[in-house]
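So the sequence lines, in the order shown, correspond to chains A and B.
If you read the first sequence in the working numbering, its first letter stands for residue 15, the second for the next number, and so on.
If you read the second sequence in the working numbering, its first letter stands for residue 239, the second for the next number, and so on.
Keep in mind that a hint or two might mislead.
[Claimed, not checked] DEER-style ranges, computed between Cβ atoms:
#, chain 1, residue 1, chain 2, residue 2, range
1, B, 344, A, 426, 32 to 38 angstroms
2, B, 412, A, 389, 27 to 33 angstroms
3, B, 284, A, 49, 46 to 52 angstroms
4, A, 410, B, 299, 43 to 49 angstroms
5, A, 289, B, 414, 40 to 46 angstroms
6, A, 410, B, 344, 41 to 47 angstroms
7, A, 239, B, 383, 20 to 26 angstroms
8, A, 32, B, 397, 22 to 28 angstroms
9, A, 83, B, 309, 27 to 33 angstroms
If you're looking for bench data, these hints aren't it; they were derived computationally from the structure.
Glycine included, C-beta positions come from ideal geometry on N, C-alpha and C.
One-letter residues, chain by chain:
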Amino acid sequence: MTATARTSVVFARMGDPEAHQLDRYVATDGYEALRRALAMTPEQVHETVTTAQLTGRGGAGFGTGQKWSLLANTYPRYVVINGDESEPGTFKDRQIMERDPHQVIEGALITAYAVRATRVFLYVRGEMALAQERVGQALADAYAKGYAGDNILGSGWSMDVVLHWGAGAYVVGEETALLESLEGKRAFPRIKPPYFPAAKGLYQQPTVVNNVETVATIPWIIRNSGETYAALGAGRAPGTRIMCLSGHVNRPGNYEVEAANITFRDLLFDPSLGGGIRNGNQLKAFIPGGGSAPWFFEDQLDLPLDPGPVGAEGSMLGSGAVVVMDDTTCAVRAAWNLVRFYAHESCGQCTPCREGGSWLEKIMFRIEAGEGRLEDLDLLLDVGDTIAPGPFPHASWPEKGLAASPFPYKMTTICFVGPSAVVPMHSALTRFREEFVEHINHRGCPKGSAHR
Amino acid sequence: MARLNPTNIERAREVIARYPQPRSAMIPLLHLAQEQDGHITDDAKAHIAELVGVMPAEVHGVSTFYEMFKHEDVGRYLVGVCTNLSCMLLGADELLAHAEDKLGVKVGGTTPDGSFTLEQMQCLAACGGAPCIQVNYRYFENVTPERFDGVIAALSAGTDPEGQAVPPHGTLSRVSLPHPSTDADRERPQEIHS
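Turn these sequences into a full structure, and let the hints guide you.
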């Protein structure tokens with residue numbers, strides 16, 4: 015692996031436990047990017063972010079500059095920051111909001127300036143009490159010192175930032191569901207088209223929805239230039255990104271890396287990153303991009319952390335969450351655990367997800383609990399096919415004659431929550447079918463009982 | 239069962255003023271009602287409906303969609319154990335079983351003295367510190383059964399568990415948020431480089 019594996023852009027202040035204080039932030043280049051951006055035209059700021067080739071860090075990986083250019087030419091228009099982080103395995107946005115909240119506010123203000131927005135909303139997940147307090151205090155301090163509100167930094171430009179709280183619903187992470195929630199409604203994802211809130215977003219007005227990590231990257235880009243950022247890393251999505259590493263590794267945690275310069279093997283095993291599998295155990299499987307990403311195995315360890323090759327091999331980098339399972343893990347139990355999450359978080363709008371997800375969960379649980387039947391294996395695939403019809407993406411397995419199917423999949427639902435319940439079932443059943451059969455034949459889990 | 243009290247009506251009006259449309263204040267006002275009464279009452283739903291200009295049924299529909307809103311009393315401390323994959327891989331199911339034994343209640347139950355309600359929570363974005371729990375939405379990470387017992391013992395004794403203050407269930411952040419401008423010009427694009 016290269017010497018530049020860990021590079022601090024978003025995490026530059028993580029060594030300072032007081033970095034959430036305004037004076038500490040300002041002493042470490044804080045709000046300097048906002049000052050420089052306001053001296054530029056909005057078009058120049060937009061161009062800088064486009065040059066940086068920054069992509070969205072919430073999961074879909076859409077080009078940030080490109081997303082901004084889709085805005086319909088009407089007003090009012092809004093910037094909404096998605097801080098509703100809740101994809102299983104993902105824990106970066108919370109750390110950024112708790113420990114460097116001004117960076118999020120500064121990035122949001124620069125975004126608002128670049129796209130000529132009329133108001134900014136910060137949507138922070140309801141369960142994150144400390145993040146709400148830290149972002150709220152940072153916002154109050156920024157207003158008091160002229161970094162937000164009226165006539166910012168004496169520029170003549172004014173922008174209000176409204177802190178909004180959620181109240182517990184994973185589906186809010188889907189951007190159109192988030193907008194419904196921000197309008198005071200149940201968080202039902204909107205039917206597409208329109209595909210982008212840039213056309214019709216909050217109150218049916220043009221809206222940019224950006225993830226916390228995405229906007230937190232922007233101050234650095236403005237201070238150091240788009241070219242400098244684009245020169246970090248390689249591949250289709252240059253720059254740094256924060257990889258959330260959890261599960262059976264010796265050193266779980268958030269690591270900011272020039273992603274495409276390293277491989278999953280580096281991330282899991284390098285002594286400065288994951289430090290290897292716990293207890294010297296063998297790797298069984300890993301999830302490369304959050305709970306809704308198809309699983310990878312030993313064969314994919316040498317892929318770079320680059321959306322192109324990862325997609326071609328049947329999965330996605332998604333939210334940057336890598337969950338590692340060692341060989342003591344029961345594949346049925348791990349997959350059931352994820353299926354249960356997506357079934358639980360179905361908003362209930364689309365029948366295939368509402369009914370299919372809960373049936374997948376029930377069938378998976380009865381297999382894990384020793385009450386499964388062999389017919390259940392085909393039934394699982396059949397239910398999955400009603401939610402995500404046709405070939406389902408999976409990693410290659412040449413020994414069994416399987417070639418990789420590329421990500422993504424077809425779907426019968428409005429959003430990705432339904433198909434996300436199919437993902438862990440399909441990955442586990444494709445790769446570890448013999449474990450499912452063993453559960454059924456031996457009337458239970460060889461590795462111990464499941465809790466419901 | 240109460241409508242919002244005069245102080246909270248003032249706070250509600252402040253919150254509503256932050257948004258271009260009053261209905262956007264729905265979730266923050268439900269949090270306010272929960273802070274006041276411990277859970278969401280029918281009277282509070284009707285009052286919020288009046289304040290934001292919708293039917294009470296719509297407030298009911300929203301309040302039952304989001305998991306943080308409770309419709310009956312819960313304990314002073316809501317103890318949530320995450321059992322999603324990253325936490326499960328590191329013992330969260332066993333931790334939850336321990337929590338049930340320790341508190342003497344099943345998931346969803348409240349201890350007879352009204353101190354603790356036990357919940358099984360969905361991924362709390364603390365996967366690097368698995369297994370994790372929350373008490374009234376304050377985090378405790380890398381929780382062992384022994385540390386769990388220590389947190390419960392501290393709360394029972396009225397002290398801060400592991401040095402972290404945990405206000406009673408429903409308490410909202412006391413940070414005073416800025417008031418957005420009501421100037422109509424803010425609805426239009428601004429040009430500072432002509």
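How the hints compare with the structure:
{"no.": "1", "hint": "B/344 x A/426: 32 to 38 angstroms", "result": "36 angstroms, holds"}
{"no.": "2", "hint": "B/412 x A/389: 27 to 33 angstroms", "result": "57 angstroms, violated"}
{"no.": "3", "hint": "B/284 x A/49: 46 to 52 angstroms", "result": "49 angstroms, holds"}
{"no.": "4", "hint": "A/410 x B/299: 43 to 49 angstroms", "result": "46 angstroms, holds"}
{"no.": "5", "hint": "A/289 x B/414: 40 to 46 angstroms", "result": "44 angstroms, holds"}
{"no.": "6", "hint": "A/410 x B/344: 41 to 47 angstroms", "result": "44 angstroms, holds"}
{"no.": "7", "hint": "A/239 x B/383: 20 to 26 angstroms", "result": "52 angstroms, violated"}
{"no.": "8", "hint": "A/32 x B/397: 22 to 28 angstroms", "result": "25 angstroms, holds"}
{"no.": "9", "hint": "A/83 x B/309: 27 to 33 angstroms", "result": "45 angstroms, violated"}
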